[in-house]
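Novice: Chains A and B, in that order, are what the protein sequence lines are.
When you line the first sequence up against the numbering used here, it's residues 1 to 254, in that order.
When you line the second sequence up against the numbering used here, it's residues 1 to 125, in that order.
Mixed in with the good hints, there may be bad ones.
[To be verified] Under 8 Å between C-beta atoms, here's a sample of chain A residues computed to sit facing chain B: (1) M1; (2) L2; (3) T4; (4) E34; (5) E35; (6) I37; (7) A38; (8) L85; (9) Y90; (10) W136; (11) T141; (12) K145; (13) H234.
If you're looking for bench data, these hints aren't it; they were derived computationally from the structure.
No residue lacks a Cβ here, since even glycine has one placed at the ideal position from N, Cα and C.
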Amino acid sequence: MLETLEILLLSLADDDLILGHRHAEWIGLGPILEEDIAFASIGQDEIGHAQAYYQLLTDLGLPTPDEYAFKRPAERFRCAHLVELPNTDYDYAQALMRHFLYDAAEQVRLQALRQSRYEPLAGLAERLLREEKYHWLHARTWVEKLGHSTEEAYLRLKSAYHLLWPYAWLLFEELPQEAAMVEAGWLPPNAELRSRWLELITPILAGIGFEVGPPASEVLLPLQGARHGLRSPHFEALLAEMTEVSASEPEAEW
Amino acid sequence: MASLDPRIRRAEPALWNVELPPLLPLDQWQTYEVFVVRTRGSHAQHVGSLHAPDPELALVLAKEQYARRSTCVALWVVPTDAIHRTASEEEDLFQPATDKSYREPQGYLTTRERLEKYRHRLQSC
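Given the sequences, and given the hints that come with them, work out the whole structure.
Specialist: Printed below as a string of structure tokens:
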């Protein structure tokens, strides 16, 4: 059962860690100073959340947060491909749309995990939701505003949405051993979480004229497998950069 | 000098003096003054200003600029241009012509002393 728990917690933690890293790439490059600070702070929160999930495993005698983050081979990561995608051309509409789709998923996921029968996870979800409230407010406000803004803003947001949508859909790809997790009362099935997520974002996206629906299966098929350890082509470079400093002095205490 | 960061492209010095087209209204957001309410029921304190396109986003951005490192239970934002202030050259408006230190809290410091003196005078009458 420990192995099953590790799969669940790593999928949650790795999503937060890798997205936090991608958000951090915007530091100093945000569209205005105020937004730069807010976005960097959100990224820092996500990395803190990852650390808290890893710690639940450390408490059970598994590796430490630093070992999970910096000393794990690429194929043992369990994050969704959405969070691995690079900040192509530093288009802020893409960063915001990913933040919106992801933090909506976090809302749904954490609300469900509050009821988890794995108590340490339920307690942690309750705590993390406090910070996530701001993430969701920030993301939703920007998407609603830009969706009713200039033509350029609208078109950039829309193309970001089209690019990210299939990846966001796969945030809820079924986990390995998911049936056992559901059986244990740790979390509801991902298919159920996905429909709650759609309920949350559909009114907002419809409000700015974006159509919401399942991506075609031929689009989804080649993108699947992230939760089983299949990494996207962007992951290796990300991991090399993220672990560069710790790898330079593997024995150092930070 | 070129930045070491490949993501950053700096303008050439030759371009610095090129005349730029006039700014559109959305190119420059207005500023908002930010007030923090630190505990329930206490008054809002002015803490600074920020740029934002509208009041809702001003509140969203103010949270991370001004309410991250100290206690806060509520934020206020006010468009800077909604604030009316006295002119700098009117500073003398606030300078009294005669000694009015009796209006200040320390003006009461000598009250007891004077009361004693008065009582003493009454007794000796």
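Novice: For the restraint on A:Y90, tell me whether the closest CB of chain B is nearer than 8 Å.
Specialist: holds (6 Å)
Novice: Grab the minimum C-beta distance from A:K145 to chain B and call the hint holds if it beats 8 Å, violated otherwise.
Specialist: holds (6 Å)
Novice: Please verify that hint: A:W136, Cβ, nearest Cβ of chain B, below 8 Å or not.
Specialist: violated (11 Å)
Novice: Under 8 Å is the threshold here; is the Cβ of A:A38 close enough to any Cβ of chain B for the hint to stand?
Specialist: holds (4 Å)
Novice: Against chain B, run the beta carbon of A:I37 and see if the smallest gap drops under 8 Å.
Specialist: Holds - the Cβ of A:I37 comes within 8 Å of chain B, reaching about 6 Å at its closest.
Novice: With a cut-off of 8 Å on the beta carbons, see whether A:E34 makes it to chain B.
Specialist: Check passed: Cβ of A:E34 comes within 4 Å of chain B, closer than 8 Å.
Novice: Tell me if A:L2 is really an interface residue toward chain B, meaning its C-beta lies closer than 8 Å to one of theirs.
Specialist: Result: violated, 37 Å to nearest chain B Cβ.
Novice: Just to be careful: measuring from the Cβ of A:T141 to every Cβ in chain B, is the smallest value less than 8 Å?
Specialist: It holds, given that the least Cβ distance between A:T141 and chain B is near 5 Å, below 8 Å.
Novice: A:M1 was flagged as interface toward chain B. Is the shortest Cβ-Cβ separation under 8 Å?
Specialist: Since the shortest Cβ distance to chain B is 39 Å, the answer is violated.
Novice: For the hint on A:L85, does the least C-beta distance to chain B fall short of 8 Å?
Specialist: This interface hint is violated because 16 Å lies over the 8 Å limit.
Novice: So, A:T4 near chain B? Judge it on the closest CB pair being under 8 Å.
Specialist: violated (37 Å)
Novice: Taking the least C-beta to C-beta distance, is A:E35 closer than 8 Å to chain B?
Specialist: holds (7 Å)
Hints 1, 2, 3, 8, 10 and 13 from the earlier list are contradicted by this structure; the remaining hints agree with it.
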